[in-house]
Amino acid sequence: MATIKDIAKKAGVSITTVSRVLNYDKTLSVSDTTRKKIFRVAEDLAYTKKKKAGNIKDNIAIVQWYTEQQELDDLYYLSIRMGAEKRAERLHYKVHRFFANDSLSKIKDVKAIVAIGKFSDAQIKAMLKVTANVIFVDFDTLAKGYDCVVTDFDNSTESVLTYFIESGLKRIGMLSGVEYSSDHKLKIVDPRFDVFKDYLENQSLYDPANVFVGDFTMQSAFDLVNNALKTNRKDFPNALYVANDAMAVGALKAFHENKVNVPEDVSVVSFNDTAVAKYVIPSLSSVKVDTGKMGEVAVSLVDTIEDDDDDHHTPQKVIVGNRLIKRESSL
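For the sequence shown, UniProt numbering assigns the number 1 to the initial residue and increments by one for each residue that follows.
To be clear, the hints were calculated from the coordinates, so they are not data collected in a lab. Accuracy of the hints is not assured; some may be wrong.
Simulated pairs of lysine-lysine, DSS-like, Cα-Cα distance not exceeding 30 Å [said to hold, decoys possible]:
{"id": "1", "residue 1": "37", "residue 2": "288"}
{"id": "2", "residue 1": "234", "residue 2": "259"}
{"id": "3", "residue 1": "9", "residue 2": "278"}
{"id": "4", "residue 1": "185", "residue 2": "317"}
{"id": "5", "residue 1": "86", "residue 2": "9"}
{"id": "6", "residue 1": "86", "residue 2": "106"}
{"id": "7", "residue 1": "170", "residue 2": "144"}
Input sequences plus hints: build the corresponding full structure.
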């Protein structure tokens, strides 16, 4: 069985760093590259944490809408899963892990499913065949009648826009994207867009030409911003709200190549506040999302489910708050 020492040796880092990364230590300053490398080595070596003393209560499944490789490239969803597994270990649940390339039919004999990400109706139906106790993370399913844990998009978006306006910036843009469930049957539009649009319309500041929509990747963001600057640089927004840190990095690259100064010409605020936000130049102002907490809360909800009478279970929507971290990329 692989140990933390084995992972440290293969990853070329200290045992302490491996331990803190695998336990999702928020106080550890380490680059995204190193963090991803540690998780990748741990997966390659089939590392499993030692179980603490205590009786296993039940089996639960954690279903990730990404493949393992996609998860390693997106610390947002990886850290949600790590938070869920951390809480499951404390509550003495035995976790069965499934990724997008795993068949949902393989899930057997579990008390509940914690589903991380976005899922089509067909995928939800497949999970419900296994258990009626499905809790979604980062997917608002309250209207569908299922428990969910989400981040506070509404207040976070309004706080960023207020910050821009109070800084004297009026030409405000948004760089966002669309997503699809892994079976491509569900298209998800960024829920922050409606908040963005409504808020700016109330201020008579909304301009649809200042909204750029891609696919949440660094390359997509670079292409969108680069093309916009080359097409009509003088009307480009002087403030840009970006949906995630990866897109913000792509935007910064486009600004640099087009000799646009940040924040003097364009003030940038991102979302998620992953480790990369601190290390890019200029460092990114970003909305800090407690992804680990989202995963922990989802597993904690398992105990609130009334197994004996599912018809009378009242679904819950838990919203985890965020905060804006101001750095060099914004005025």
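CA of residue 37 to CA of residue 288, is that 30 Å or under? Holds, at roughly 23 Å.
Next pair to validate is residue 86 with residue 106; report whether the Cα-Cα distance is within 30 Å. 23 Å, holds
Holds or violated: residue 170 with residue 144, Cα cutoff 30 Å? 38 Å, violated
Residue 9 and residue 278: Cα distance at most 30 Å? Satisfied, since the Cα-Cα distance of roughly 27 Å is no more than 30 Å.
Against the 30 Å threshold, does the CA-CA distance of residue 185 and residue 317 hold or violate the hint? 24 Å, holds
Holds or violated: are the alpha carbons of residue 234 and residue 259 at most 30 Å from each other? 13 Å, holds
When you check the alpha-carbon spacing of residue 86 and residue 9, does it fall within 30 Å? Distance ~24 Å between residue 86 and residue 9 Cα, so the pair holds.
When held up to the earlier numbered hints, the structure conflicts with hint 7 and nothing else.
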